[in-house]
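J.: Each chain, letter by letter, is given below.
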Amino acid sequence: MTSRIGLAFSGAGRPLLVACLVAGDPDERTSLELMKEAENCGADIIELVMPHSDPVADGPVMQKAMQRALSAGTTPDTLFSQIRNFRSVSKTPLLVLTYANIVVQRGIATFYREAAEAGADGIAIADVPLEESDPFCVAARNEGIDPVLFVSQTTSHERLERIVAGAGGFLYLVAVLGVTGAREQIDPRVIGHIRAVKAASALPVVPGFGIGTAGQVRELVRAGADGVIVGSAIVREIERTFEDPFAMREAVGGKVREMASALR
Amino acid sequence: MTDPSRFGVYGGRFVPETLMAALEELERGFRTIVPGKKFQEEMKYYLHEYAGRRTPLTFCRNVSRDFGCRVYLKREDLLHSGAHKLNNALGQALLAKFMGKHRLIAETGAGQHGVATAIAGAVLGMQVDVFMGEEDIRRQKLNVSRMKMLGARVVPVSSGSRTLKDAINEALRDWVTNVATTHYLIGSVVGPHPFPTMVRDFQTVIGNETRDQVMEKEGRLPDGIVACVGGGSNAIGIFTPFLGEDTRLFGAEAGGEGPEGRHGATLCRGRPGILHGTYTYLIQDAFGQILESHSISAGLDYPGVGPEHSYLRDSGRVSYHPVTDREALDAFLYLSRSEGIIPALESAHAVSLAERVATRLQKDDVLVINLSGRGDKDVSQVASMAGDLL
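For the record, the sequence lines run as chains A and B.
So for the first sequence, our numbering puts the first residue at 1; every next one is plus one.
So for the second sequence, our numbering puts the first residue at 1001; every next one is plus one.
In case anyone wonders, no lab produced these hints; they're calculated from the structure.
In this text the structure is predicted, and so the values were computed from the model without any measurement.
Glycine included, each C-beta is placed from N, C-alpha and C at the ideal position.
Check before you lean on any hint, since a few could be wrong.
Claimed, not checked - If you only want the chain A side, here are some residues facing chain B, beta carbon under 8 Å, derived:
# : residue
1 : 71
2 : 75
3 : 104
4 : 108
5 : 151
6 : 181
Claimed, not checked - Over the 10 Å line for every Cβ pair with chain B, so calculated as not near, a few chain A residues:
#  : residue
7  : 55
8  : 59
9  : 88
10 : 117
11 : 126
12 : 129
13 : 132
14 : 153
15 : 164
16 : 184
17 : 243
18 : 245
19 : 249
20 : 261
To be verified - DEER-style ranges, computed between Cβ atoms:
#  : chain 1 : residue 1 : chain 2 : residue 2 : range
21 : A       : 157       : B       : 1149      : 19 to 27 Å
22 : A       : 156       : B       : 1271      : 32 to 40 Å
23 : A       : 134       : B       : 1317      : 27 to 35 Å
24 : A       : 135       : B       : 1061      : 51 to 59 Å
25 : A       : 224       : B       : 1177      : 50 to 58 Å
26 : A       : 188       : B       : 1153      : 25 to 33 Å
27 : A       : 242       : B       : 1156      : 22 to 30 Å
28 : B       : 1066      : A       : 113       : 33 to 41 Å
29 : B       : 1003      : A       : 246       : 47 to 55 Å
30 : A       : 224       : B       : 1317      : 29 to 37 Å
31 : B       : 1286      : A       : 113       : 49 to 57 Å
32 : B       : 1032      : A       : 134       : 21 to 29 Å
33 : B       : 1380      : A       : 73        : 35 to 43 Å
All chains should be built: construct the whole structure from the sequences, respecting the hints.
T.: Structure (structure tokens):
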């Protein structure tokens, strides 16, 4: 059975935009509105981050967003309620991204079951590499959730083959050596890396980290990317317009539209 | 086959994929370079000629009289730099140099590990950047100056609680970015595999010496050993050679403000979870968000603990107890005045717990306290807190 994420890639006939928001940022109701806005403005997949107090893979923009969300009282209950409310009005595929301790404290099986019941389609965990992924991937398969795994420039070919064998939905290609956050330029090594990973994988290959302009999106698509993940560049608009909810919606929508236009 | 990355269910490698290659490279270096003759000879030179090992095991006449048993101090306070941290810093820095890295990064809370790394970097000719929370920079001015004088760069960390936990986050973020040229020199038995095992091995020199010294002086093994536990490297270092013996082992955790208040007693009052790459006891809320710890001593102010300690807690081999800020302060002044030795506030926790342990020992029983560091760094803090006691 092909998942909603898999069908989105196979059915679109073009590369997809994965737009990332933090659940509960700046609060649950607004965050839900921003998800819908992102969808309306051309996001093909929504990546919703369950915030963590110590996000070691994230740069300053995402760290601040997670702090805003945690200060607003965001918990996994908020996450699942936000997903349920989104799912009641939308069929857009939804990926949850979080950190291992959030899942482990909920109970691995429980977290995946609740995520599936709420309507999530995939789960990626930033600090779970292949070596620790078994219990998470098993829980994902049991619930029909795609276990999205990461590949990096430092991933050896032998590891890559094992990651491809365990992953579902798509491969999350980490496009920088470093943490999340928009960069001035695409790391030139990423171009060759995308080609190499695509050659080894039947799954869609989608770069994320450091992507924030339409030019960068086009560059990655030319290299063969099946989509792009944009996080900090969108979330930064929330930080920028924090005092003004109307401007926030427009700013987030505008950034998503700019990215989406580069894919059409 | 047992998983070398685990201590029972604890430990592991919960890191972003980008770091896995570096951890694998480090593990290969640790397994192949460290046991080699060349490395061992160099290490011996640095530990003995340079750092001043072996450190004394001092029989304390006055404390023995007061505690009612035979009390020894393992004098890591006399090691160059003033704390046990240098054992590990020299070991890892040397390994990094053998592996061709030219830059060291480290996190520091109290500043002792930062100073140790700055010293190792200076003597081995390596660039050193130390991440330190803004709150700790304010609390530990002396060590900040020492690091700068030793040629290290101190990078202030303003995220989160601005303490040790956040300094580790920032060091991990730097490592992800500069993984090819940089070694992350973790200061305790925490973090992803192979760090807890590697740091333990570099610190076990404390326990090996203690074992020889007690045998020389008493002709038998000690009845009890007490050490403080923040991340837990000095404790693991002295406990390891005794794990298979009858010696009773005690860990003193930061009880902070006491049973109702803020604390750093991770093993006594925490719950297992994942932080900084490892599965271990943590101070956290019901949803897995890490809470801020508290201790009078910056070196014990950490909401996690080494995964091997979690294993030793569950197995019952080591018993861990909280020691409050107030008790540590009392022990700090007591040891200063009874023996003329000013302990680090961290080590003062061990002295306080030792007094409690001694009430159940006989006159001829032998009790060893790991005096992990000296208290010069804490003098101004204690002077302002204990004003009425001085």
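J.: Going through the earlier hints one by one, which of them does the structure break, listed in rising order?
T.: Going through the list in order, the structure violates hints 1, 4, 6, 7, 8, 11, 12, 13, 14, 21, 25, 28, 30, 31 and respects the others.
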